[in-house]
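These protein sequence lines are chains A and B, in that order.
Numbering (the working numbering) for the first sequence: 1 to 269.
Numbering (the working numbering) for the second sequence: 1 to 308.
No lab work stands behind these hints: they were computed from the structure.
Treat each hint with caution, since some may be false.
[What the hints assert, rightly or not] Label-pair restraints from in silico Cβ distances: (1) B:49 with A:248: 47 to 57 angstroms; (2) A:25 with B:122: 38 to 48 angstroms; (3) A:187 with B:232: 32 to 42 angstroms; (4) A:66 with B:294: 46 to 56 angstroms; (5) B:219 with A:134: 43 to 53 angstroms; (6) B:49 with A:257: 48 to 58 angstroms; (7) A:219 with B:254: 24 to 34 angstroms; (8) B:122 with A:37: 23 to 33 angstroms; (9) B:294 with A:175: 26 to 36 angstroms; (10) A:41 with B:49: 24 to 34 angstroms; (11) A:187 with B:54: 44 to 54 angstroms; (12) A:179 with B:127: 31 to 41 angstroms; (13) B:122 with A:101: 34 to 44 angstroms; (14) B:293 with A:257: 28 to 38 angstroms.
All C-beta atoms in this analysis are idealised placements derived from N, C-alpha and C, irrespective of residue type, glycine included.
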Amino acid sequence: MLNQRSRFIFTALCFGFAFLYIPILLVIIYSFNDSRLVTVWGGWSVRWYVELFNNENVLNAAILSFQIAAITATFATIMGTMAGFIMARIKKFRGRLLFSGMIASPLVMPEVITGLSLLLLFVSLQNTIGWPGSRGMNTITIAHITFSMAYVAVIIQSRLTEVNESLEEAAMDLGARPLRVLWDITLPIIFPAMVSGWLLSFTLSLDDLVIASFVSGPGATTLPMLIFSKVRLGVSPDINALATILIVVVTLGLCIAAWITSRQNRSVS
Amino acid sequence: MSGLLVKTNNSIRENLWRYFIVAIPYIWLLLFFLAPFVIVFKISLADPIIAQPPFTPLFNQGSDGGFSIYTTFDNFLYLFQDSLYFVTYLNSVKLAFIATLFTLLIGYPIAYGIARSPQPTRNILLLLVVIPFWISFLLRVYSWMGILKTNGLINGFLLWLGVIDQPLELLYTDTAVYIGMVYSYLPYMILPLYANLVKLDIRLLEAASDLGAKKWQGFVDVTLPLSMPGIIAGCLLVFIPAIGEYVIPALLGGADTLMIGRVLFDEFFLNRDWPVASAVAIVLLLLLVLPIVYFQKKQAQETSGAAA
Numbered sequence: 001m002l003n004q005r006s007r008f009i010f011t012a013l014c015f016g017f018a019f020l021y022i023p024i025l026l027v028i029i030y031s032f033n034d035s036r037l038v039t040v041w042g043g044w045s046v047r048w049y050v051e052l053f054n055n056e057n058v059l060n061a062a063i064l065s066f067q068i069a070a071i072t073a074t075f076a077t078i079m080g081t082m083a084g085f086i087m088a089r090i091k092k093f094r095g096r097l098l099f100s101g102m103i104a105s106p107l108v109m110p111e112v113i114t115g116l117s118l119l120l121l122f123v124s125l126q127n128t129i130g131w132p133g134s135r136g137m138n139t140i141t142i143a144h145i146t147f148s149m150a151y152v153a154v155i156i157q158s159r160l161t162e163v164n165e166s167l168e169e170a171a172m173d174l175g176a177r178p179l180r181v182l183w184d185i186t187l188p189i190i191f192p193a194m195v196s197g198w199l200l201s202f203t204l205s206l207d208d209l210v211i212a213s214f215v216s217g218p219g220a221t222t223l224p225m226l227i228f229s230k231v232r233l234g235v236s237p238d239i240n241a242l243a244t245i246l247i248v249v250v251t252l253g254l255c256i257a258a259w260i261t262s263r264q265n266r267s268v269s
Numbered sequence: 001m002s003g004l005l006v007k008t009n010n011s012i013r014e015n016l017w018r019y020f021i022v023a024i025p026y027i028w029l030l031l032f033f034l035a036p037f038v039i040v041f042k043i044s045l046a047d048p049i050i051a052q053p054p055f056t057p058l059f060n061q062g063s064d065g066g067f068s069i070y071t072t073f074d075n076f077l078y079l080f081q082d083s084l085y086f087v088t089y090l091n092s093v094k095l096a097f098i099a100t101l102f103t104l105l106i107g108y109p110i111a112y113g114i115a116r117s118p119q120p121t122r123n124i125l126l127l128l129v130v131i132p133f134w135i136s137f138l139l140r141v142y143s144w145m146g147i148l149k150t151n152g153l154i155n156g157f158l159l160w161l162g163v164i165d166q167p168l169e170l171l172y173t174d175t176a177v178y179i180g181m182v183y184s185y186l187p188y189m190i191l192p193l194y195a196n197l198v199k200l201d202i203r204l205l206e207a208a209s210d211l212g213a214k215k216w217q218g219f220v221d222v223t224l225p226l227s228m229p230g231i232i233a234g235c236l237l238v239f240i241p242a243i244g245e246y247v248i249p250a251l252l253g254g255a256d257t258l259m260i261g262r263v264l265f266d267e268f269f270l271n272r273d274w275p276v277a278s279a280v281a282i283v284l285l286l287l288l289v290l291p292i293v294y295f296q297k298k299q300a301q302e303t304s305g306a307a308a
């Protein structure tokens, strides 16, 4: 009986992971296809990678996207940490209910609504106070910070509710000032959570198509916007190459992060 | 400076810090999250005009210097009169619902399998679920285009096997949208299910089996009811984003795959009708309020339950 059940579990896992990974692996394999026809195998080649690195549009879009992602991740981590700290540690202040609603909502808000509403805000601001001038990198970054900080807040909040507040209380009882406690006790505890928050914000920003399409202006094309305009017309081999690079970078980053966390955990125990 | 003065100075400084920590994210969210919704609501009550910006202002300054307010419900009436929008809303709910069901059916055995795996394997399997979640959503949807298209891999394989002699129409259909949604949202289903199933007390199943329950009875009567919170959380995490989805129907769906996200996008960018796009957004939001509030209430119960 037990055998039968574990055989079922094994089959479910095999099929599940095959389903998750075969499409990604196919993109990687076909990025090395020499043929222009994406489905006909024409032998191994790196010509699409060469073409990619000679394509100025792709390089510019990539630089823009990475810049936005880095700025977004940094600011979203700072403000998301503040928000997560407020949710976990500051139990009472005026308007807390509204705050908790505003910090949780971006997680479940459809992207089309977030994008549309932010664009209308920028247009209205432009008409009343003359800011932000032109839409592009600045408006995309603001939009990305707004939804990324909500994800960071959730990570920080759950980390802070996990750890016992008594550590911070003990330091306080021993005469440490609140700011000292924040700096010496709380921040080291949540530092790993802040790192995951930064990485998550970075990928969320790098990945966003819909919101950026709304709030961007003429001349500012992010990498997802460029990819989307290309693949809308069908499968294209240089996008396969671009996808492969992004997949390898993300996977490597994740594995390094997992390795660091497991090493830290081991050194703690 | 006397010691007393230093002390008050310090406590004032600490209070200031507290205000500072609360104020920065608060003001940011008020400005860039709440205010935009007020503006969307305002514009949904305006008339479209050919101007920059393309809608009538809410406040009009009359020649006598007084203000008058101009609002109209025409956009909302239009949504009800034109059956396109009603059909689109219905179709979005249908597509999201069926996709959620399939995601649950595929995700449950995977989550169960991971939760029952021995420890070192379990962490590796979890990492394997999380990796696709971090890889670009757009690229994951794109990866199915090469598989599903007319001269793509599935058709090539089936033709080679001789099962079919005409390639099947797979890409640009509802089927492709379902596949794309299940594929993209599977990690959202697996993670909450896993978090629930891994907490399940194995002794309960042993007790059930000692009392004569068969394996499947143990599953149906013990595991399934106990994993209900995980099922609900996973389904909502899939259903809510699936309803407003734009990328999947735009890349994998056909011209007749109507979804609200796509209609809103086209209304805005192709027709440049901002007031109607705003009205579509408001109605979509109303549609989502119920599941969102339900989800947040469940989450709050979970957290307070875990703390207790």
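Verification of the hints:
no., hint, in the structure
1, B:49 with A:248: 47 to 57 angstroms, "50 angstroms, holds"
2, A:25 with B:122: 38 to 48 angstroms, "23 angstroms, violated"
3, A:187 with B:232: 32 to 42 angstroms, "35 angstroms, holds"
4, A:66 with B:294: 46 to 56 angstroms, "38 angstroms, violated"
5, B:219 with A:134: 43 to 53 angstroms, "59 angstroms, violated"
6, B:49 with A:257: 48 to 58 angstroms, "52 angstroms, holds"
7, A:219 with B:254: 24 to 34 angstroms, "33 angstroms, holds"
8, B:122 with A:37: 23 to 33 angstroms, "42 angstroms, violated"
9, B:294 with A:175: 26 to 36 angstroms, "46 angstroms, violated"
10, A:41 with B:49: 24 to 34 angstroms, "55 angstroms, violated"
11, A:187 with B:54: 44 to 54 angstroms, "48 angstroms, holds"
12, A:179 with B:127: 31 to 41 angstroms, "37 angstroms, holds"
13, B:122 with A:101: 34 to 44 angstroms, "36 angstroms, holds"
14, B:293 with A:257: 28 to 38 angstroms, "34 angstroms, holds"
Checked against the numbered hints given earlier, this structure breaks hints 2, 4, 5, 8, 9, 10; the rest are met.
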